[in-house]
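Visitor: Please construct the entire structure, taking both the sequences and the accompanying hints into account.
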Amino acid sequence: MAYGFEAKNDNGKVIINDTIENLHFIGKATRGSNNSDYGDFPGYGGGNDSLDGRVIHYYTITCSGTPVAFIKPSDYSRWHGIIKQSVSGTTWSFDVMVSGTSTSNPPDIYCFVNADDIPVPSGETYGMQVFKSDGTTKTFDSRRQPLAITGGGTAPAPPSDPTNSSGLPGVSSGHSWNYSSNDHDFRSSNRYNATSDSAANTTNAMFACSSLAQAVYKRQQHGYKESCSGCFPFIGCINCQDHHSTAAWWVMYRQAFRLRSGNFDSGWTGYAAGYSFSSSFESGGWFGGGGGSYSTGSMPYTAKTINLQSNAFIIADSSRYN
Amino acid sequence: MSYGLSVFKTDGSLGFSTADITWQTLDQFTVAANASASNTYNEASGMDIIVQRQLVNVPPNSQEDYVPNVSISGTTVSVSPQSGLSSSQCIIHVLTRDS
Chain A
1 MAYGFEAKND NGKVIINDTI ENLHFIGKAT RGSNNSDYGD FPGYGGGNDS LDGRVIHYYT
61 ITCSGTPVAF IKPSDYSRWH GIIKQSVSGT TWSFDVMVSG TSTSNPPDIY CFVNADDIPV
121 PSGETYGMQV FKSDGTTKTF DSRRQPLAIT GGGTAPAPPS DPTNSSGLPG VSSGHSWNYS
181 SNDHDFRSSN RYNATSDSAA NTTNAMFACS SLAQAVYKRQ QHGYKESCSG CFPFIGCINC
241 QDHHSTAAWW VMYRQAFRLR SGNFDSGWTG YAAGYSFSSS FESGGWFGGG GGSYSTGSMP
301 YTAKTINLQS NAFIIADSSR YN
Chain B
323 MSYGLSVFKT DGSLGFSTAD ITWQTLDQFT VAANASASNT YNEASGMDII VQRQLVNVPP
383 NSQEDYVPNV SISGTTVSVS PQSGLSSSQC IIHVLTRDS
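Sequences listed follow chains A and B, in order. For the first sequence, this note's numbering assigns the number 1 to the initial residue and increments by one for each residue that follows. For the second sequence, this note's numbering assigns the number 323 to the initial residue and increments by one for each residue that follows.
Since the hints were derived computationally from the structure, they do not count as laboratory data. Glycine included, every Cβ here is placed at the ideal spot set by N, Cα and C. Hints are not guaranteed to be accurate.
Claimed, not checked - Selected chain A positions facing chain B (in silico; Cβ < 7 Å):
no., residue
1, Asn-9
2, Asp-10
3, Ile-20
4, Gln-85
5, Ser-88
6, Gln-145
7, Pro-146
8, Ile-149
9, Ala-194
10, Ser-210
11, Ser-310
Guide: Shown next as structure tokens:
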């Protein structure tokens, strides 16, 4: 270049220049309320009732630029994902999903914005700034700590089937009337794809990678019996009634990530779940009428996996920004 | 170190130096639902480019939210809905690193 500023690192790679902006740390997002649920199927208490559970922690931060958010887990054994990011004015909100139902040990959210968007620290009149050739757009400001990364790459999509049981859950008939016993393990603890990365650790590593993939799956069981007042030789059965029942379990999943020593895992965590049961027969009353039903929640869409795509991830050392 | 650049925090500890690696920001923008975008970043010629996508305002328990596809060709980044599907609003972070 004929003029300007450029700094290369020890490997000869540009890390500061006057054409591209560096990201700088502006602070940790403020944690607000949380919502914990779905450690099991609501309203159901039979087999395979357990789910992974999830906690949604709500965070906000105010800044003029679009922040790149890093998740620093407090409990590295749990799965994490930013499932929603929105802005109102200059206040950014993050919904961060964590597996399990314990609200203790929430993650920290470290936020970085472009050099030109960082607030000027008051009273700090020294340091180094780098501007683009327009003379006004800042690419670097030593008064806010620049992002240094330790690892990253391309995180693969999670496995298409988010459920621990072999095969996807489906619909089966031929069960006895009022049968309701879930035979599918809807948990996701074994369902992930790992990426080897030496920067991944369980002490101070943090990562930036948003949740893209979603899935919904359902197990449904149909029961039936015929009941007659009596059956007689040469006449046959009389006053026969058909009895039908349907039991269904569904779970919605969102992509989530986990840092292990030497690995970055792309997997799943259950976001919402429901259980429904209905029973009926032709006349008379069950639940005081011709049948009865029970339902929690509504399945958001028909069973499928969507957004099964890779996404870039970055790992950094959170201890540099404390 | 005997040469290079070190940037120190106000407390005197090292904050950043030429021993570090980083990703810089080429661009950040939001793609509206069902919209497409394509931008060329000549300043990143010869550098690695990655793109991070973050869905915006997703009501995650009520609808199918399709993330838009991203393709990178040289220094051009293109964003478009998945074939035959309605994409949701999405934040795009375009990052680059000297390769």
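Visitor: Among the hints numbered above, which are violated by the structure, and what are their numbers in rising order?
Guide: Violated: hints 5, 9, 11.
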